[in-house]
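If you read the sequences in order, they're chains A and B. Each residue of the first sequence is one higher than the last, beginning at 1 in this note's numbering. Each residue of the second sequence is one higher than the last, beginning at 1 in this note's numbering.
Hints were generated in silico from the structure; no laboratory data involved. Please read all numbers here as calculations on a predicted model, not as lab measurements. One or more hints might be untrue.
[Claimed, not checked] Negatives, chain A to chain B, calculated, CB over 12 Å:
no.: 1; residue: Ala-33
no.: 2; residue: Arg-43
no.: 3; residue: Ala-48
no.: 4; residue: Pro-173
no.: 5; residue: Ala-185
no.: 6; residue: Ser-189
no.: 7; residue: Thr-196
no.: 8; residue: Ser-393
no.: 9; residue: Pro-422
no.: 10; residue: Ser-494
no.: 11; residue: Asn-537
[As the list claims (entries may be wrong)] Just some of the chain A residues that point at chain B, by a computed CB distance under 10 Å:
no.: 12; residue: Gln-55
no.: 13; residue: Ala-56
no.: 14; residue: His-60
no.: 15; residue: Ala-65
no.: 16; residue: Gly-88
no.: 17; residue: Arg-200
no.: 18; residue: Ala-212
no.: 19; residue: Gln-247
no.: 20; residue: His-248
no.: 21; residue: Glu-249
no.: 22; residue: Pro-455
no.: 23; residue: Leu-456
no.: 24; residue: Ala-460
no.: 25; residue: Ala-608
We put the beta carbon where it would ideally sit given N, CA and C, even for glycine.
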Amino acid sequence: MTARHPQQGVALLAMLALIAMGTAWFTVSRLQAMTGDYTIANRNHNAAVLARAKQALIGHVAMQAAKQGETDPGRLPCPEAAGSAGSGLEGATASTCTFPAVGRLPWRTVGIEKLLDAAGEPLWYVVASGWALGANLVINSNCTSDATMACATGLLTVDGVKDTVALIIAPGPAMSVAASTGCTARNQSRSAPAPTMDARDYVECYSTATSAFVTAAASTSFNDQVLKITAAELLPAIEAAIADRIQHERAPLIKSAYSGGAWSSTSVLPFAAVFADPTFVPTALAPASNFRGVAGTFQGLPPLTYAFTASPGSASACSPTPCTPTPCTTGSDAFCDPGFVAWTGGTLAGTAGGTLNAGTSTCTSAGTPTTLTCTIYSWDLFNSNASVTLTLSATASNVGMALRQINATVPIGGLDTTFNPPYGYTMTAGASTINANGSATLVLSARVAAGTGIPLGVSAVCGLLSQLLGLTCYRRTISVPMALLSDHALVDPSNTTHNWFARNRWPQLSYYAVAQGLSPSPPSGTRCCGTACVPANANPCLMVGYHPDSGKQWGLWLLGGAKIGTQARPPTLIGDLLEGANADLDTTFTLQGGAALLPNKTFNDRIAVVGSN
Amino acid sequence: MRLRPRGFTLVELAVVLTIVVLLLGSLMYTLSAQTEQRNYEDTRRRLEQAREALLSFAIVNGRLPCPARSANTTTPATVAGDEVRNAAMQCSGDSGAGAVEDYYGGTSGAVTLGLVPARTIGITQVDPAGFAVDAWGNRLRYAVAKTKTNCVPATAPATLLDPHFVSSTNMKNNGVACQPNDLLICKSGTGITASTCGVTAPAGANQLMTSSLVVAIVFSPGKNGALTPGVTQIDELANLNGDPVFVFHPRTDSTFGNGEFDDQMTWITVGELYGRLIAAGVLP
Chain A
1 MTARHPQQGV ALLAMLALIA MGTAWFTVSR LQAMTGDYTI ANRNHNAAVL
51 ARAKQALIGH VAMQAAKQGE TDPGRLPCPE AAGSAGSGLE GATASTCTFP
101 AVGRLPWRTV GIEKLLDAAG EPLWYVVASG WALGANLVIN SNCTSDATMA
151 CATGLLTVDG VKDTVALIIA PGPAMSVAAS TGCTARNQSR SAPAPTMDAR
201 DYVECYSTAT SAFVTAAAST SFNDQVLKIT AAELLPAIEA AIADRIQHER
251 APLIKSAYSG GAWSSTSVLP FAAVFADPTF VPTALAPASN FRGVAGTFQG
301 LPPLTYAFTA SPGSASACSP TPCTPTPCTT GSDAFCDPGF VAWTGGTLAG
351 TAGGTLNAGT STCTSAGTPT TLTCTIYSWD LFNSNASVTL TLSATASNVG
401 MALRQINATV PIGGLDTTFN PPYGYTMTAG ASTINANGSA TLVLSARVAA
451 GTGIPLGVSA VCGLLSQLLG LTCYRRTISV PMALLSDHAL VDPSNTTHNW
501 FARNRWPQLS YYAVAQGLSP SPPSGTRCCG TACVPANANP CLMVGYHPDS
551 GKQWGLWLLG GAKIGTQARP PTLIGDLLEG ANADLDTTFT LQGGAALLPN
601 KTFNDRIAVV GSN
Chain B
1 MRLRPRGFTL VELAVVLTIV VLLLGSLMYT LSAQTEQRNY EDTRRRLEQA
51 REALLSFAIV NGRLPCPARS ANTTTPATVA GDEVRNAAMQ CSGDSGAGAV
101 EDYYGGTSGA VTLGLVPART IGITQVDPAG FAVDAWGNRL RYAVAKTKTN
151 CVPATAPATL LDPHFVSSTN MKNNGVACQP NDLLICKSGT GITASTCGVT
201 APAGANQLMT SSLVVAIVFS PGKNGALTPG VTQIDELANL NGDPVFVFHP
251 RTDSTFGNGE FDDQMTWITV GELYGRLIAA GVLP
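The whole structure should be built from the sequences, with the hints applied where relevant.
Given below as structure tokens:
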């Protein structure tokens, strides 16, 4: 019998140790992988909520910009008001902000759910100084990083690049921020009640002094997930909204500016100004002539000059009537041009009362803005210095090269104000016209009072008949202010419904085209285009490619959009402002880039139609 | 001496069994809670998908779809999961006696209105009948804004056209200044009316989303959706009663004053809709 070896169990122990070590390794490696999965899932979640918030915010800006009465179209909402977290007002925007404004995303104002990041924190939001209420805003397509505009200086610098209008931030859990480049050490604490909520307890590594933010930093100092909204991303949405407003708010007014009411019922659109560098600086003398229409110019810059500080339709228009608007001061604004539209003359005809001698009764104009002074010679059978009811046809130059409105509430000197009190005159319905050379003839009926004539004795100026009968000739003078043609609401600088357009400098991106047939000087002599003419197509309409009613357009207002590729801003050539078929100076335009333009994203014009058949 | 064969005593067995039952019980509890959580998240995901599908539909068609209803209609001819939209572009179709309008859901006789138009927008997670469902098999609901406000009259035609959000031509004509004016989301069903979130002070305190922002609502009636909501479930009932006033708040159980509430909701804000349509070149 062999002796049994004592069992020491070493092999078993070694095996156990091996299994234990293997299990430990497997567990640890799995754990690590799981943490990785967890981090990725968190980042994906954050990316999803940030993207949703960004889309909703851009859409909200567009919708807000398109609203009638929005005087700062394109502005972003301010962050949630400090102190409203946890209250009934949670998620509502603050009415103004201090910049750079860092606060919680105003989810309720934007209309989205209260989105939370993976750590369960509501999203934070930063808005740049040039883009929310609390600063003087100028927002237009030139507000990109390389423009030298007020809006561009109001951008945020993110990762060293100054191109951002807003940031949306998933703040992540509270952390102990270690000091590192650009980051100040801070032990984040989030137990404080809402009114004392300190942005630094949520958002790391930013500088309020320089409006500088980062999307990444040392992991010991930073755990935010940041999504930026650049000016270039936001501007197309704003441009769309502005185009929509031109179409809905401005185009109908341009279309009817010179037709209906006292004007003849036939539609006519003003001439364009010759295209030139449209850059202007408000409150400084600039090439105002750039926005003066020119006879025979059918496309170019829109005619936007004005002459008075306030006109009817504006809350600050003079009152009570009759009253005369104050002329603007030349050089005070790029569009102020009080001498552009000027009286050139007038004719008088008597209709009742004493006999008016039309041959010698004449009108002359003088001053800036001009005043039309008409001298009336009349006589009557009883030498009674009788009243004279008359028709005045006054002509003013350059009306069809600008946008004006008839203001029948101005006082005309020398009239009998008991006739249509308190004015002494009425505009004759449908009788005023825009002439082929762009001048306008205004027709009004007025009366000069009995006993107001200066007796001249028997005089040749009252005509042969009065001389033969030995009757006294009487002289009267009436003076018509230029303000009888006040500024149209669209160009009136004090009109708060419409002056946002010039204040935000959208004229710098505007281009205006009119069908020759609807301009003051139609080729066929009759104002019409396309099938509305007799014979049909005597004057062609404008064509707009991809428009459902292409070939029926009277006039167009184009917005050039942000610069693309090698386009120069400010634009000195039309190709610097518009693209493709819109920039070739013919009467064919397009809503979309053609096959070559679209895929390369080399087209960003927008078109509003000003009247069509 | 012969050893007595030893077994486990009854007491020992009982102790062991008790421990096993306790362990199993806690395990089962965790499992059901996890299933519940998974269903909840799955439903959340399906609602998000439906929201995205609705927006994608809008990009392609230039408008939002009308809701579907549980019974087919003959005019217009629809099958399960189709939007019900008549020739006048209104969300209306025949349902039993005469045409029934359907923007906000509710019921008409035995027909349930306001379902997600799964077939129209291309959702594939559907029940055997063809309607989009949540993780518990309950049909997803959908409401879309009918009325509009803040529009600026267009040039030609000079009048504003209705309906706005479910017609591409009208939306293009009316412009992007138009906002919805009917769908409201309230924080509680207490005091709400058929058109407001109630007048509890301070004004607007019960309002989660104002009617000028919400163009469409997608929601799941939750796990209890298959049940007929009881009379105490005020908040859930508000979502099914066919008016444009909806209620959304975090989940509550039956001990909550307004009854159990487990509806899950998401919505499309007017900015999101216009933003997408502008980016796609559909508007303005």
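Right, here's what the structure says about each hint:
1. Ala-33: holds (21 Å)
2. Arg-43: holds (18 Å)
3. Ala-48: violated (8 Å)
4. Pro-173: Non-interface label stands for Pro-173 (chain A): nearest chain B Cβ at 21 Å, farther than 12 Å.
5. Ala-185: holds (37 Å)
6. Ser-189: holds (26 Å)
7. Thr-196: holds (23 Å)
8. Ser-393: About 32 Å separates Ser-393 (chain A) from the closest Cβ of chain B, which puts it past 12 Å; holds.
9. Pro-422: holds (34 Å)
10. Ser-494: holds (21 Å)
11. Asn-537: Holds: least Cβ distance 20 Å, greater than 12 Å.
12. Gln-55: holds (6 Å)
13. Ala-56: holds (5 Å)
14. His-60: His-60 (chain A) check passes; min Cβ-Cβ to chain B is 3 Å, inside 10 Å.
15. Ala-65: Nearest chain B Cβ about 9 Å off; hint holds.
16. Gly-88: The hint holds - Gly-88 (chain A) has a Cβ within 10 Å of chain B, the shortest such distance being about 5 Å.
17. Arg-200: Constraint on Arg-200 (chain A) not satisfied, violated at 29 Å.
18. Ala-212: Because about 28 Å separates Ala-212 (chain A) from the closest Cβ in chain B, which is outside the 10 Å limit, the hint is violated.
19. Gln-247: Holds: closest Cβ of chain B sits about 7 Å from Gln-247 (chain A), inside 10 Å.
20. His-248: holds (4 Å)
21. Glu-249: Holds. Min distance 6 Å.
22. Pro-455: violated (56 Å)
23. Leu-456: violated (55 Å)
24. Ala-460: violated (56 Å)
25. Ala-608: holds (9 Å)
This entry does not satisfy hints 3, 17, 18, 22, 23, 24, going by the numbered hints stated previously.
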